[in-house]
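Protein chains: 4
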Amino acid sequence: MKIAFLGIGNMGAAMARNLVKGSHEVRAWNRTQARVKEVPGAIAAATPADAARGADLAFTMLADDAAVEAVVFGNDGILNALPKGAIHVSASTISVDLSRRMQKAHEGRGQQYVSAPVFGRPAAADAGQLFVVAAGADDAVKKCEPLFATFGQKTFVMGNDPVSANVVKLAGNFLIATIIESLGEAVALTRKYDVEPQAFIDFLTSSLFAAPIFKIYGGLVASQQFEPAGFKLRLGLKDIRLALAAGEAAQVPLPIADLMRANAVRAVNNGMGDLDWSALSKIAAENAGLK
Amino acid sequence: MKIAFLGIGNMGAAMARNLVKGSHEVRAWNRTQARVKEVPGAIAAATPADAARGADLAFTMLADDAAVEAVVFGNDGILNALPKGAIHVSASTISVDLSRRMQKAHEGRGQQYVSAPVFGRPAAADAGQLFVVAAGADDAVKKCEPLFATFGQKTFVMGNDPVSANVVKLAGNFLIATIIESLGEAVALTRKYDVEPQAFIDFLTSSLFAAPIFKIYGGLVASQQFEPAGFKLRLGLKDIRLALAAGEAAQVPLPIADLMRANAVRAVNNGMGDLDWSALSKIAAENAGLK
Amino acid sequence: MKIAFLGIGNMGAAMARNLVKGSHEVRAWNRTQARVKEVPGAIAAATPADAARGADLAFTMLADDAAVEAVVFGNDGILNALPKGAIHVSASTISVDLSRRMQKAHEGRGQQYVSAPVFGRPAAADAGQLFVVAAGADDAVKKCEPLFATFGQKTFVMGNDPVSANVVKLAGNFLIATIIESLGEAVALTRKYDVEPQAFIDFLTSSLFAAPIFKIYGGLVASQQFEPAGFKLRLGLKDIRLALAAGEAAQVPLPIADLMRANAVRAVNNGMGDLDWSALSKIAAENAGLK
Amino acid sequence: MKIAFLGIGNMGAAMARNLVKGSHEVRAWNRTQARVKEVPGAIAAATPADAARGADLAFTMLADDAAVEAVVFGNDGILNALPKGAIHVSASTISVDLSRRMQKAHEGRGQQYVSAPVFGRPAAADAGQLFVVAAGADDAVKKCEPLFATFGQKTFVMGNDPVSANVVKLAGNFLIATIIESLGEAVALTRKYDVEPQAFIDFLTSSLFAAPIFKIYGGLVASQQFEPAGFKLRLGLKDIRLALAAGEAAQVPLPIADLMRANAVRAVNNGMGDLDWSALSKIAAENAGLK
Chain A
95 MKIAFLGIGN
105 MGAAMARNLV
115 KGSHEVRAWN
125 RTQARVKEVP
135 GAIAAATPAD
145 AARGADLAFT
155 MLADDAAVEA
165 VVFGNDGILN
175 ALPKGAIHVS
185 ASTISVDLSR
195 RMQKAHEGRG
205 QQYVSAPVFG
215 RPAAADAGQL
225 FVVAAGADDA
235 VKKCEPLFAT
245 FGQKTFVMGN
255 DPVSANVVKL
265 AGNFLIATII
275 ESLGEAVALT
285 RKYDVEPQAF
295 IDFLTSSLFA
305 APIFKIYGGL
315 VASQQFEPAG
325 FKLRLGLKDI
335 RLALAAGEAA
345 QVPLPIADLM
355 RANAVRAVNN
365 GMGDLDWSAL
375 SKIAAENAGL
385 K
Chain D
95 MKIAFLGIGN
105 MGAAMARNLV
115 KGSHEVRAWN
125 RTQARVKEVP
135 GAIAAATPAD
145 AARGADLAFT
155 MLADDAAVEA
165 VVFGNDGILN
175 ALPKGAIHVS
185 ASTISVDLSR
195 RMQKAHEGRG
205 QQYVSAPVFG
215 RPAAADAGQL
225 FVVAAGADDA
235 VKKCEPLFAT
245 FGQKTFVMGN
255 DPVSANVVKL
265 AGNFLIATII
275 ESLGEAVALT
285 RKYDVEPQAF
295 IDFLTSSLFA
305 APIFKIYGGL
315 VASQQFEPAG
325 FKLRLGLKDI
335 RLALAAGEAA
345 QVPLPIADLM
355 RANAVRAVNN
365 GMGDLDWSAL
375 SKIAAENAGL
385 K
Chain W
95 MKIAFLGIGN
105 MGAAMARNLV
115 KGSHEVRAWN
125 RTQARVKEVP
135 GAIAAATPAD
145 AARGADLAFT
155 MLADDAAVEA
165 VVFGNDGILN
175 ALPKGAIHVS
185 ASTISVDLSR
195 RMQKAHEGRG
205 QQYVSAPVFG
215 RPAAADAGQL
225 FVVAAGADDA
235 VKKCEPLFAT
245 FGQKTFVMGN
255 DPVSANVVKL
265 AGNFLIATII
275 ESLGEAVALT
285 RKYDVEPQAF
295 IDFLTSSLFA
305 APIFKIYGGL
315 VASQQFEPAG
325 FKLRLGLKDI
335 RLALAAGEAA
345 QVPLPIADLM
355 RANAVRAVNN
365 GMGDLDWSAL
375 SKIAAENAGL
385 K
Chain S
95 MKIAFLGIGN
105 MGAAMARNLV
115 KGSHEVRAWN
125 RTQARVKEVP
135 GAIAAATPAD
145 AARGADLAFT
155 MLADDAAVEA
165 VVFGNDGILN
175 ALPKGAIHVS
185 ASTISVDLSR
195 RMQKAHEGRG
205 QQYVSAPVFG
215 RPAAADAGQL
225 FVVAAGADDA
235 VKKCEPLFAT
245 FGQKTFVMGN
255 DPVSANVVKL
265 AGNFLIATII
275 ESLGEAVALT
285 RKYDVEPQAF
295 IDFLTSSLFA
305 APIFKIYGGL
315 VASQQFEPAG
325 FKLRLGLKDI
335 RLALAAGEAA
345 QVPLPIADLM
355 RANAVRAVNN
365 GMGDLDWSAL
375 SKIAAENAGL
385 K
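Protein chains in written order, with our numbering: chain A, 95 to 385; chain D, 95 to 385; chain W, 95 to 385; chain S, 95 to 385.
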């Protein structure tokens, strides 16, 4: 297939490389064009519109709502450039509001819109081990699945409304943040009773909490190694805010998210915004007077 | 070894049966004595003291602080009956305050005290698959380990201060409660965006959240099957309170625990105390106006 | 002065009547034009622009951001119609974001913008007893003060940045909501200990809490008379959201506001949106299992 | 009347002086006996029991539950020393649990027990301007009222159950703490929008919030003058805990109290325990990154 790929960051580059390996023709665009070289075999496009013209399908994998909005709706955006019948696959973590607006705009142009955010880090993307959460019209999702298989180990289809996939992504990140926050509280408590943090985490991850997510974040919380950041706290705050916005739009109170937003804002205000978001656990330690 | 076993409920019976199978001489006591029959091979004792006299070691596996206090410090309690040098293994989920008092009382009698709460349900106890978290003097813990192995798959030693093991148990239950609460919020959010709850849970437990605890509680939250209760909400509330009390005693704020206590009290006040504690997730659904 | 008055609701009508009494020429516009009759002596305008053309000053007193945005920026809005040098006085409770955008837009037209939200109910407006919180350029505020004096008992000037006045209004409403919420919790607690609610409120308002706000809301909370609504809970929710949005924009966590938003959303979801916002206190009573 | 007065701190001394002025015979006891000299005309007693023997009535005005418990139930406590028919008036801020236990113990001795906590600072006590909240048997309260009138400007009777008065005291302190917390949040918000704190407080206390409590604490929060402490933060934390304990015993969630306890523990852990409890407002400022 002819694929436009918008957004060659760490994640996007790995995903695009796998699409190239899968024998697709990839035209890639990135704000700082030099990064396109990280996808050997891809053709560099001067603008999103250049990438999109004549494509069967366009992926967007960008930092936030503002970036996606510019690439889709801006001058030289893909909305005007994609052919009728083409599919826009949005893989970024974005607001439900923007996702809904894109769905309607593409519909209005006779195009299709699939929401397909991914879970996993760049290394997983390279290894084809991402988890893909997809939602959209059946036929469109079906066309995408072989593409998802180039960078993902499994695709979970959440129905026909693209927004559903965005909310699952936001809910997933909310659950990860909750694990960080609750481990922060639990480690602060046990430390005060002379339990060695790593011993506590080892117990958890060898018993009922034997999930990758507890191993990754438990290790970070126990060791307090918050640099270099795998995912920056200020981006984590952005995602908590997106979850809260999704809750507001649907009248769903999310008290744990409220609590974490307050802690994350406090952390950013006090110079922790560029640490890994597992540094949220420092707040509980500070509250307890530790260190 | 000669073992006194105090408390033949669902968990205690399974643990005691495994001790009998391990060729130990078990004298068992329970408030309603009939239940001792559930441990074939055990000798029924008329009082805790009768069970404890002459024993090498006494297990307590009881419902709450009040029950443990009565069995240890009461008339006919084990404190006065256990021989010098004997070990009291407290496997119940109790307060750090009571644990500390028992430690001191046993020390004063030349006895030893090991805290060894367990994680797992009765079926796991029967199958010898519990996780045991132990703390106490090295030699005492060492003597207990073969006994723990009769009902547990693994023992995690948390140091020499018995209270450490109690706090790890409370922190573990706090983390489980947090998973219920956060799944409740996440499912309320995704339901409002037309995501089918079981599909959401399947995604979680097939990807980053592939831990037993997410499978068990995710299934309950998705299906809203809160009866029969595996662990009653009112007992869950008790454990949240114990975690908060441990936090208070050590000056550790636990804001998620505060939030869950408020929700659990509300749930009990509104007739949900005898449901499974995964019913805490109903609060988030009610807040969202679901059902 | 020639004054345009946009928004003849209960509050706007009372304010505009006082301006007429103060010998000003008032051209009034309201979405449902019939209500303009409630301001004898005012000239009905067909559109906001009609009211604004040739005016020295325009007041907006409307329900929410959307209404203000339409009246200012819409076709037939006042932005294009007001003469150079004219002043727009925004008295509505609106977001800091919209206030900032209006300030810039008026500046761009050589007009002035004063933010002047008011505290008090329609009866107070009629009696000239409102409290006015104003911010904007010194000369502009000075010109407005005699007008404010027609409907207000006192004007508090908060500096030159119009947004300051909006935030003071939002902070004031946040404090009122907090009084409702905290009285709800306190009355739930004391009721459970057999204290008669009105006796408790009488004590408070005869001693340290002898402020109008405690008398008004204490009486409502004690009597549980939530209809007719003086100020609807769904509007209170809107204002809590505006305070939170102001906090978000300036990185200020407001945990009590988070808590009240969750309670207010729950209340609206459960059919209480049209009750007086003192009905927020029912949430605490429900949590306690009362009634 | 013959009056025993137990606890000659700043408050107790002022109250006892007024009883002496009212021509009552006062036998006073204090842990550090020297302070009894601050009550000219009072007779120093060597023990609580010495003070209580032969008395018609005994006041206790002590720091906390432990002090009251010792003075009432201890060796040389008043319980054994007071004559039949005498009244114990407990004016301290104590737990409902202790109040209930004292009521029962005095009943068992044919004595009466009146709960009568007071609101106000030492200067108000000296000036006879305290507010007294009383509960107990009608005849006992009636006998006390002339005594209350020597140091109080008004007595509010809350019924026959002494515990009611304790809960009203705890609820009152909870409301004061909430005012501090909410002013802290509101001032943090408005400061970020360039509103001068004192101007904001002046507005509040000249309009809807014209209560003594807003003037006192608003001034402290605006000026950030937290020393010398009128009422120490660590004592404020104690009272928040007592309110929460009263809530727990009656199954009443108090989410604002939970939030304030967490903030107060954090404050004490970070060296603010001896500041005035209005320093709770610093937490909101720190969260916002102010200073």
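Quick caveat, the hints were computed from the structure, so don't treat them as lab data.
Please note: incorrect hints may appear among the correct ones.
Under 10 Å between C-beta atoms, here's a sample of chain W residues computed to sit facing chain D [said to hold, decoys possible]:
| hint | residue |
| --- | --- |
| 1 | 300 |
| 2 | 343 |
| 3 | 344 |
| 4 | 345 |
| 5 | 349 |
| 6 | 356 |
| 7 | 359 |
| 8 | 360 |
| 9 | 362 |
| 10 | 363 |
| 11 | 364 |
| 12 | 365 |
| 13 | 368 |
| 14 | 384 |
No residue lacks a Cβ here, since even glycine has one placed at the ideal position from N, Cα and C.
Structure-based check of all given hints:
With a least beta-carbon distance of about 31 Å to chain D, the hint placing residue 300 of chain W at the interface is violated under the 10 Å criterion. Here the hint on residue 343 of chain W is broken, as its CB sits about 24 Å from the closest CB of chain D, past 10 Å. Interface hint at residue 344 of chain W: violated, since its Cβ lies 23 Å from the closest Cβ of chain D, which is beyond the 10 Å cut-off. Because the beta carbon of residue 345 of chain W sits about 19 Å from the nearest beta carbon in chain D, more than 10 Å, this interface hint is broken.
Here the hint on residue 349 of chain W is kept, as its CB sits about 9 Å from the closest CB of chain D, short of 10 Å. Checking residue 356 of chain W against chain D: minimum C-beta separation of about 7 Å stays under 10 Å; hint holds. Because the beta carbon of residue 359 of chain W sits about 7 Å from the nearest beta carbon in chain D, less than 10 Å, this interface hint is met. Against a cut-off of 10 Å between C-beta atoms, the interface hint on residue 360 of chain W holds, since the closest Cβ of chain D lies about 4 Å away.
A least Cβ separation of about 8 Å between residue 362 of chain W and chain D falls short of the 10 Å threshold, and the interface hint therefore holds. Taking 10 Å as the C-beta contact cut-off toward chain D, the hint placing residue 363 of chain W at the interface holds, the least distance being around 3 Å. Evaluation of the residue 364 of chain W hint against chain D yields a held restraint, the C-beta minimum of about 6 Å falling below 10 Å. Hint status for residue 365 of chain W: holds, given a least beta-carbon distance of 9 Å to chain D, under 10 Å.
Interface restraint check: residue 368 of chain W against chain D, minimum CB-CB distance 15 Å, threshold 10 Å, status violated. Below 10 Å, beta-carbon pairs count as interface contacts, and residue 384 of chain W has one with chain D at about 8 Å; its hint therefore holds.
Checked against the numbered hints listed earlier, the structure breaks hints 1, 2, 3, 4, 13; every other hint is satisfied.
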